[in-house]
Amino acid sequence: MLGYTLRRIIYTAPVLLGVSVVCFALVHISPGDPLISILPADASVELQERLLVLYGFDRSYIEQFFLWLGRALQGDLGTSIATGRPVTAEVMRAVGNTLMLASVATVIGFVLGCFFGFVAGYFSNSPLDKAASAAAVFGVSVPHYWLGMVLVIIFSAQLGWLPAAGAGPGGSSQWKFDAEHLSYMILPALTMSVIPMGIIARTVRALVAEILAQEFVIGLRARGLSEFGVFLHVVKNAAPTALAVMGVQLGYLLGGSILIETVFSWPGTGMLLNSAIFQRDLPLLQGTILVLAMFFVVLNLIVDVMQSALDPRIKR
Amino acid sequence: MVDATLSQPAITAVRSAGYWQNVGKRLVRDKTAMAAAGVLLLILLAAIFAPLVAPMDPLEGRLINRLKPIGTEGHLLGTDELGRDMLSRLIWGGRLSLLMGVTPVVLAFFIGSAIGIIAGYAGGWTNTLIMRTVDIFYAFPSVLLAVALSGALGAGLGNALLSLTVVFIPPIARVAESVTTRLRSSDFIEAARASGAGALTIVRVHVLGNVLGPIFVYATSLIAVSMILASGLSFLGLGVRPPNPEWGLMLNTLRTAIYAQPWVAALPGAMIFMVSISFNLLSDGLRSAMEVRQ
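In order, the protein sequence lines correspond to chains A and B. The first sequence runs 1 to 316 under this note's numbering. The second sequence runs 1 to 294 under this note's numbering.
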């Protein structure tokens, strides 16, 4: 177990390094001079050259990369061109909002996905299975940004029950877990939950059908165990994989929240990325992506280690 | 060890010539898959013959006609925020949306398969080097990588296509690599090698035929994701530029109209949904048609 954990951590290190190379390269694959968005249009050649040296753009890429990485490791992701504030502060402020939204969405998606998956797997090829499988296909096929718009049309524009956008009065800085603020979270969280719902439902359906077909289930039934007792055995067997899928999905939602946050103006990393792209604020874009990608890699590591801890059948 | 081999989909050594015919027959009998194929064919034909099918010019509109409801005379599906005919724009929009959704998967299918087969067949250090590089790109959530690349490269159709292709190469390369690696140690490849066949011949004659099937099925399941992502990029303003009709972009510009004409505003998204669910159902049908052992 410990050996596996260590090996897994060692294996992750080069991936993290590679991810940071890709993030570093983002600024350099973008067309035009990296200084173009900072410089005024009538900047003198002299000023241009001074800034080039100041930002380190006159050095070789390799030198630049290690300077950048060194600063990033110390928590310095540079300065946002648009706001002039440190990128790290901007990202940290936003990442909490996205984490909150993505976690709620993952939990909703997990509960619904498990429900549909169990129903479909238990009554496979029955009308119930068809309905539950249809819900799963819906979840993986629907463009979630459109679903968000449709929910806004129904519940905000037509019925007027829920707010359409934002994170409540006072914005994200005054977030509280009270009814008023939570009402702002319902629509984005529901929209977001559809993605993990579909994937978890499909996984659980396949798992349950596979487990029920195994001989030990026949054995349990033959020994006279109640249907509920059998159900508990199925849950125990399906849990490690289902939880692992849930963990990976949380990472996907963290990284993929940009579309939903744009629809609902949710003040998270997605909104931050959106404004970074349109203001050509490359340091902010780079920093946000680096943080989100690191989250995803580390989350996957934790999920892998947890899964092998939970499931003794997995030999590594 | 035995369990591990059993849980993996078996690779039948050399499939009979009638294998694909059998798959085709089973697929035709699958009503859901056929319905999905029908919907896709209809949308595809409408997109190809857009100049003949669309009742009006998709780019021309009169502001006096803006945001007419569904069922207006002369505008069956209403008009958009600039008074352009929605039906015509949806039909024309199919061209760019389908192009943007399908092209990255097709390109990634060829590039990813090549990378995966080379890595799988070469093995050893070549494999490690290639696959660890692939892992780096696989370590990004797909939406994030697409947004990061097209955000850095700048808005535009070409950049969006390039970003999406990069997103889909790693998953396809991984599937190709794992199938090829498993195949490499199978008896009939050993036999071919023992009888003196060169690497290129073995790959061409024995590997490709057995590897491309599973990769193809996997790639078809990615088209639905690609459709959603591609239109998502346009929705964010990173893909197709106005005034060109594209479903994601139309959805974005119509967001301002959700109070005035909510159902007209939702139409482009319904098209994306229809195409993506059809691709998913067709891919599911294909998968089960191929999995049945003869």
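Rather than coming from a laboratory, the hints here were simulated on the basis of the structure. As the structure is a prediction and not an experimental result, all values here were calculated from the model. Where is the CB? At the ideal position from N, CA and C, for every residue including glycine. Among the hints, a few may not be true.
Below, a sample of chain B positions facing chain A; criterion: calculated Cβ distance under 8 Å [what the hints assert, rightly or not]: (1) N127; (2) M131; (3) R132; (4) D135; (5) P141; (6) L144; (7) V147; (8) A152; (9) G156; (10) G158; (11) L162; (12) T220; (13) S231; (14) A257; (15) Y259; (16) G269.
A quick look at each hint next to the structure:
| no. | hint | result |
| --- | --- | --- |
| 1 | N127 | 15 Å, violated |
| 2 | M131 | 11 Å, violated |
| 3 | R132 | 6 Å, holds |
| 4 | D135 | 6 Å, holds |
| 5 | P141 | 3 Å, holds |
| 6 | L144 | 4 Å, holds |
| 7 | V147 | 6 Å, holds |
| 8 | A152 | 4 Å, holds |
| 9 | G156 | 10 Å, violated |
| 10 | G158 | 12 Å, violated |
| 11 | L162 | 10 Å, violated |
| 12 | T220 | 13 Å, violated |
| 13 | S231 | 6 Å, holds |
| 14 | A257 | 10 Å, violated |
| 15 | Y259 | 5 Å, holds |
| 16 | G269 | 3 Å, holds |
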